[in-house]
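K.L.:
Okay, here's what each chain looks like letter by letter:
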Amino acid sequence: MLNLFKNKKKENNTSLNNEMISNDKLPYSKEYTNEQVMFEVKDFNFYYDKKSKLALKDINLEIFKNKVTAFIGPSGCGKSTLLRCFDRMNELIQDSSYDGQILYKNKEIHSFNTIELRSKVGMVFQQPNPFPMSIYNNVAYGPKCQGLKDKKELDKIVLNSLKDVGLYDEVSDRLNISGSSLSGGQQQRLCIARCIAMSPDVILMDEPTSALDPIATQKIEELIKKLKEKYTIIIVTHNMQQAARISDYTAFFMLGELVEFNKTEEFFARPKNKKSEDYITGKFS
Amino acid sequence: MDIEKTELELLEMAKFVKESLHFAFSFYFDKDLNKENFIDDAKVNAYERKIEEECLLSILKERPFATDLRKLTGYFKVVEDLERLGDHAEDIAWCTYSLAKFRENIRIPKLDFMINECLKMVDNSIDALIKGDVALANQVIANDDLIDTTYLDILNLLPELKKDKNLDDEFIIFYTLLNKYVERIADHASNVAEWAIYIKSGFYKDRNII
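The listed protein sequences derive, respectively, from chains W and P. No gaps in the numbering here: position 102 of the first sequence is 102 in our numbering, and each next residue is one more. No gaps in the numbering here: position 162 of the second sequence is 162 in our numbering, and each next residue is one more.
In case anyone wonders, no lab produced these hints; they're calculated from the structure. Treat the hints with caution; some may be incorrect.
To spell it out: a stretch of chain W is covered by chain P in this simulated footprint if at least three of its residues, at any positions, have a beta carbon under 8 Å from a beta carbon of chain P; those stretches are [as the list claims (entries may be wrong)]: (1) 236-244; (2) 252-264.
Computed list of lysine-lysine pairs in DSS-like fashion (alpha-carbon distance at most 25 Å, straight line) [claimed, not checked]: (3) Lys131(P) - Lys274(W); (4) Lys5(P) - Lys283(W); (5) Lys274(W) - Lys61(P); (6) Lys5(P) - Lys275(W); (7) Lys283(W) - Lys205(P); (8) Lys274(W) - Lys110(P); (9) Lys219(W) - Lys5(P).
Every residue gets a Cβ at the ideal spot worked out from N, C-alpha and C, and that includes glycine.
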């Protein structure tokens, strides 16, 4: 714009040259190279049915500490399979096998026994699944199983865990009622409280809000954003807006392959891969 | 998603605005008062409102990402400049009509040159918008400096012209306005070019927005 009266330098709006913005040459910084790595997946393949079905193909991925990483992709793309590999839950499936490595804090996950691993890597499922016991005992169950008997210490863990998930004020006067009597959203927060009572490093979440109403979903999303200060979170979600809202990094899977891994903001604004762009803009599902 | 529909409407609007400006300047050049009026500001305003509403509704309902988000937010912004271009087509026609009542009929070569450059900028900015042509959009933006310089030259020239040819004050005022409108049209063409770049790449002016 013409500036007749002000001796102000004209705004530079022509600095962009054509080469700079031609699709894959964009100078996007990879700011995440300085993140601390919690999990490292190396050349990982996972098979079902005695190797007749390849569910995950040559996955290489890093999960960063105190960040929320979202796994997205169409049904059957392998995102939940990979999630369940982190706490070795998939190994319960008959005739499944894997090759490659998953490192947890630089150590292969198979060097830990499953109890030890799962106390550090908790899981929250799609359907809230409180144990058929009281609210208090749901949260105290894990520490008790690990041999903690001190009532004061258990009380403290239960109180802090319920406070951390924002449930304490809602249930403080009825800790002895059954966990199943709570609403769906409260049950899911109870499950998260049960998980964090074990002081894990990582919380795996497999579509944790898909069975919840919008208000309960919003509470869980706010909780996830708060929990990442203490924990590393991996969430599988079909809801792309949710992934965009709450995650720091997004991994997009298709047909068992990791198509793109990027900072969430960049992934949803300027995906590098045409398949990612097509998926998030609804060109295919 | 209805983006394709909105895109078609935007292109129709851009084409109509472009033709309105060509009409307005051809009127300036031939001063044919019997010419049938092509300019329809209400139509341009209606396009603007419709496209804005469609963009907002699509954002609300579809929660778009990536290319779709750039398109919808870009369309929402660029219609503003297209609407202003439409307004200026009317302004040019009004100035020409007002000048036609005077006996004097002068030509200012620099103004003719500026008008032709300005029309090229409008055509190219709309082409860049339609084709997503970043190089062409950058050409348009770069050309704006030439228009600004020419505008100032003409502004300085007008008092001398008035004196030399003993022109009526009102006559000079209409030329001053005309000069300003052409300069503004070039500005809006530059803005359209900037939005064309944004829609294609996510860059706006000097940085990446989305």
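K.L.:
Check the structure against each numbered hint from earlier and tell me which ones fail, lowest number first.
P.N.:
2, 7, 8 and 9
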